[in-house]
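Undergrad: First to last, the protein sequences are chains A and B.
Just so you know, we're using this note's numbering here: the first sequence kicks off at 1 and counts up by one.
Just so you know, we're using this note's numbering here: the second sequence kicks off at 1 and counts up by one.
If you are wondering where the hints come from, they were derived from the structure by calculation, not from laboratory data.
These numbers come from a predicted model, not from an experiment.
Do not take every clue at face value.
Same chains, same names: a pair is fine if it fits in one copy or spans any two.
Said to hold, decoys possible - DMTMM-like cross-link-like pairs, simulated, lysine to aspartate or glutamate; straight-line CA separation at most 25 Å:
1) Lys333 <-> Glu593
2) Lys320 <-> Glu165
3) Lys67 <-> Glu422
4) Lys78 <-> Glu205
5) Lys15 <-> Asp31
6) Lys471 <-> Asp22
2 protein chains.
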Amino acid sequence: MTYAAPVKDMLFVLKELAGLEDVTALPGFEDANLETAQAVLDEAAKLCSEVLAPLNAEGDRNPSHWKDGEVTATPGFKDAFRQFADGGWQGLQHPVEYDGQGLPKVIATPCIEMLNASNLSFALCPLLTDGAIEALLTAGSEAQKQRYVPKLISGEWTGTMNLTEPQAGSDLALVRSRAEPQANGAYKIFGTKIFITWGEHDMAENIVHLVLARTPDAPEGVKGISLFIVPKFLVNDDGSLGARNDVHCVSIEHKLGIKASPTAVLQYGDHGGAIGYLVGEENRGLEYMFIMMNAARFGVGMQGIGVAERAYQMAAAFAKERVQSRPVDGSAKQSVTIIQHPDVRRMLGTMRALTEGARALSYVAAAHDDIAHHHPDEAVRARHQAIYEYLVPVVKGWSTEMVNEVASLGVQVHGGMGFIEETGAAQYYRDARILAIYEGTTAIQANDLVSRKTVRDEGTVAKTLLADIAKTVETLGGIEGAAAASMRTRLEQGARALAAVVDFVVVNAKRDPNAVFAGSVPYLKLAGIVLCGWQMARALLVAQRNRTDDPMFYDAKIAIAQFYAEHILVQASGLEASILAAKGGESVLALTEDQF
Amino acid sequence: MTYAAPVKDMLFVLKELAGLEDVTALPGFEDANLETAQAVLDEAAKLCSEVLAPLNAEGDRNPSHWKDGEVTATPGFKDAFRQFADGGWQGLQHPVEYDGQGLPKVIATPCIEMLNASNLSFALCPLLTDGAIEALLTAGSEAQKQRYVPKLISGEWTGTMNLTEPQAGSDLALVRSRAEPQANGAYKIFGTKIFITWGEHDMAENIVHLVLARTPDAPEGVKGISLFIVPKFLVNDDGSLGARNDVHCVSIEHKLGIKASPTAVLQYGDHGGAIGYLVGEENRGLEYMFIMMNAARFGVGMQGIGVAERAYQMAAAFAKERVQSRPVDGSAKQSVTIIQHPDVRRMLGTMRALTEGARALSYVAAAHDDIAHHHPDEAVRARHQAIYEYLVPVVKGWSTEMVNEVASLGVQVHGGMGFIEETGAAQYYRDARILAIYEGTTAIQANDLVSRKTVRDEGTVAKTLLADIAKTVETLGGIEGAAAASMRTRLEQGARALAAVVDFVVVNAKRDPNAVFAGSVPYLKLAGIVLCGWQMARALLVAQRNRTDDPMFYDAKIAIAQFYAEHILVQASGLEASILAAKGGESVLALTEDQF
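Full structure from sequences and hints, please.
TA: This is the structure we're talking about:
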């Protein structure tokens with residue numbers, strides 16, 4: 001099964017919904033415009049569909065494997081990574097001064113979607129390298145930036161994030177890895193890190209591990225964690241590689257999916273101590289790691305969207321070919337392609353509506369991030385930064401939850417064939433399942449949404465967004481047709497539900513935290529459904545305006561928006577009810593531990 | 001991970017909700033009563049937890065394998081099957097005259113749930129044998145019954161269903177296998193059958209294939225299909241085994257889950273023709289196969305419930321052990337077991353509420369089936385038969401859809417460990433995914449619910465059930481407490497939604513079939529949610545009445561019922577809206593094929 005990047009859809013979102021031209025007008029983006037975006041997307045589409053997509057099933061059948069501490073990637077991956085790096089793709093959104101392309105995040109984002117759609121396991125390596133680059137650019141010394149960032153951008157080296165330990169998953173307060181200061185200013189690192197994605201491999205000549213560990217007198221809990229650079233091979237002053245460092249991959253995991261991507265257990269310091277270099281200040285490691293994690297969280301959201309698109313394309317292609325059963329309306333006497341059956345339409349419609357909604361929201365979020373970094377006016381930057389930060393847990397949480405449903409429907413459309421591994425639909429179902437877990441589970445995203453993004457500002461950002469949604473609802477009122485009417489009704493109901501929940505969260509977070517957190521994931525889902533629905537509504541308005549230019553394209557946008565309203569937005573009331581009607585999460589918390 | 005059959009919960013449902021004592025009072029069930037039920041369930045629980053459950057992970061790691069036409073089951077399965085057969089479990093609900101135990105279906109049903117919970121792959125073999133027995137008992141000649149049924153009941157032989165061909169999955173009109181009449185009254189069978197569960201194996205000495213094929217002058221489509229017995233080894237007149245028949249397993253599938261259960265491609269007649277024997281009359285094969293399928297569909301519903309229970313038990317056990325993060329309400333300064341976090345509660349509550357609701361509905365359905373077969377009054381039999389038939393697609397469709405969510409939450413509760421295969425949670429997620437596909441996809445169940453179960457009787461049975469729900473709602477009105485109040489509100493809303501949808505279906509099925517079928521799966525889900533919710537409400541009423549007898553047990557029932565009302569029943573309005581508000585499925589059907 002091949003993958004065709006939906007470049008036309010992507011450009012539609014960039015131009016009409018994410019305000020690409022506003023972004024490219026910002027200082028620093030003078031060289032970017034709609035034509036640049038189109039050219040970049042076309043090139044990325046080529047690499048992804050021709051080089052990476054064909055390796056995706058191979059990676060599942062023939063995963064990366066471990067032997068004597070060395071990990072060999074799936075055949076073909078190393079060459080593909082070279083093509084990826086040589087094309088400059090790792091540096092797409094990174095600064096020109098470190099050899100990056102300096103493009104806006106809003107242009108990089110569709111490329112990252114494609115990368116993940118074409119080959120999720122492969123894409124994880126650049127995703128983590130992106131995170132390492134972000135962390136170094138933010139918290140590293142100038143010497144560290146000069147030493148590591150250009151090599152990471154060139155793909156000569158790759159990066160990892162080392163947070164998790166056996167006893168410390170979501171709970172980083174429990175991190176135990178130790179960092180002992182040495183006379184020369186370096187540290188010796190000791191400890192075991194697990195779940196380290198691409199923690200060992202043969203696709204690049206060095207690996208730059210960013211590692212959380214505690215210095216000897218560090219306070220307990222998350223306030224005593226520092227961040228260290230621990231390269232697999234030490235780096236000489238001239239940039240050449242030196243001795244092998246004391247970090248070793250003792251095993252890789254046997255996983256449900258993303259099998260080509262090695263998930264390493266890394267042992268630090270078993271042979272005297274791994275040499276590490278402090279990044280930034282002591283005890284501020286978690287703060288720096290959050291920079292990396294926030295970038296990675298947004299990236300994981302894009303993974304959900306990418307896999308969803310791929311699963312949709314495969315299911316739609318199958319539905320157009322597979323002949324089975326006569327139409328229910330008696331319009332043919334013979335069996336027909338299953339795409340003619342209403343329930344197959346409903347499944348494909350659900351897959352596509354969820355995917356398009358999440359795509360639109362994520363590109364819009366990326367534009368906010370660009371404005372937050374590049375707008376000359378500080379107040380404007382702050383406003384967009386706040387919106388972006390509100391949207392990150394929603395993009396991550398919602399896109400990764402919805403992809404489980406989308407990939408499951410992809411299996412279902414295939415019927416019995418969907419359960420046979422050779423078909424390929426099952427791989428998306430398996431691969432997708434990690435996305436709502438890593439880089440913070442959905443519950444962790446929801447905690448972030450509740451605490452840092454809603455309660456801290458007393459719902460200010462959420463209400464700003466709701467005010468914008470109200471304007472869209474009003475505009476819809478002036479538009480003719482069933483689609484606009486349906487969207488108006490459902491978006492208004494959804495927004496009302498979201499507003500009520502935001503109020504509930506703000507009022508009760510301190511007074512009755514258990515009640516609020518019992519509804520935190522439903523709140524995140526509600527926010528995802530309504531905010532994506534809002535983007536679908538905006539798409540509908542554009543499509544109504546432009547439809548005579550390209551009726552086939554815009555009519556589809558109108559129909560999918562209507563579908564979203566009638567099949568996805570309608571779920572808002574149920575979520576609202578389960579958050580609010582449950583009187584303080586009563587039934588969630590009623591059972592004693594023994595009653596489970 | 002072990003499995004403890006929830007015998008106490010099962011007996012509660014049997015006694016308080018399914019009316020076990022009404023069933024055991026029927027003619028033919030004189031030997032059965034609550035004590036019998038308890039004894040049978042305890043024995044089944046022992047076999048399942050001690051013998052079958054420990055083989056479940058082994059079956060996943062070491063699937064059945066094919067070599068030169070022979071299939072060898074996972075090590076341990078053959079012995080386990082012998083214990084199962086020797087214990088008389090295959091004959092539990094089959095007639096005493098053919099060496100069965102003659103117990104009511106309502107007692108057999110929890111045993112079947114346990115079997116599937118303990119080892120889904122294993123349980124498929126008896127499930128299909130049950131179907132073969134049912135078909136032979138209904139449509140076979142007396143000689144055929146005598147020859148095959150006791151051997152199937154003893155487990156010396158096993159049975160299969162052979163419907164699917166590469167071009168004929170859901171659409172049996174496309175079946176092409178041929179049956180050529182021979183001078184001696186037998187037939188020669190030619191063709192390829194795929195997806196034949198336990199179609200070849202070494203656990204029993206013979207396999208009785210029931211095969212759909214066409215005789216030479218048969219009409220086209222489903223009206224020209226006949227049913228044949230094709231034993232793997234021919235059977236001599238004295239019951240001993242004769243020559244190997246010309247049916248051969250040419251390969252088995254590489255699947256997402258249920259890996260221990262071989263899914264065979266069977267080739268009939270490549271060496272001159274497989275000897276087959278007509279069952280019943282020519283061209284009535286589909287009708288007979290439906291008997292087998294209806295039994296199997298109900299059984300697949302039980303598989304969903306079984307796997308859901310197992311996934312729940314595993315997740316709850318993990319949540320009680322895993323220590324991670326401090327409580328959100330600040331009630332402890334240290335990290336606590338994750339079961340103390342509200343979102344983990346919400347996930348476990350969802351898993352349990354969905355499982356308990358589906359269990360209750362399925363046992364209630366089984367009791368209707370018993371009454372439909374054993375009540376002395378024909379009118380009573382007919383009434384219960386109609387209710388049972390309405391419930392079969394709901395039990396099958398809803399239990400197998402909900403288990404995907406339950407198994408997914410099971411993975412989620414485990415966090416990163418859930419994605420690692422050794423943990424075991426991922427196996428349930430993979431295994432469960434076939435259930436909404438085989439024995440008729442959810443869409444096929446929904447078509448059945450719409451056409452044969454709702455439109456044909458103009459909603460009569462559905463309205464009977466709704467009238468009973470209204471009585472439960474009324475009773476809830478007289479009960480104090482938040483749980484009853486919440487349940488009353490949500491059940492009433494749910495029933496109103498279901499009533500509106502039933503009316504919509506009845507009125508529009510002929511007038512606008514595409515619109516109705518665009519909402520058929522949402523209708524099935526709505527029916528599942530409301531009917532299971534009704535059982536949870538009935539459980540709540542019993543628990544309120546009895547709570548002082550066993551507060552820990554009954555309080556949990558009350559809390560889970562409230563949870564069901566506030567987290568599951570609340571979804572009814574969204575489903576109703578997507579069926580009704582969509583004006584004839586407009587947005588489902590709006591796109592042309594090229595627009596996908």
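Undergrad: Determine for every hint whether it applies to the structure shown.
TA: The hints, checked one at a time:
Taking CA atoms no more than 25 Å apart as the test, Lys333 paired with Glu593 passes between copies only; the shortest distance there is 19 Å, against 59 Å inside one copy. Proximity of Lys320 to Glu165 under the C-alpha cut-off of 25 Å is restricted to the inter-copy arrangement: shortest distance 19 Å between copies versus 47 Å within a copy. For the identical chains of this complex, Lys67 and Glu422 are inter-copy neighbours only, at 19 Å across copies versus 27 Å inside a copy, given an alpha-carbon limit of 25 Å. In this assembly of identical chains, the alpha carbons of Lys78 and Glu205 lie at most 25 Å apart only when taken from the same copy (11 Å versus 51 Å across copies).
For a Cα distance limit of 25 Å, the shortest separation of Lys15 from Asp31 inside one copy, 16 Å, qualifies, whereas the shortest one across copies, 75 Å, does not. For the identical chains of this complex, Lys471 and Asp22 are intra-copy neighbours only, at 20 Å inside a copy versus 61 Å across copies, given an alpha-carbon limit of 25 Å.
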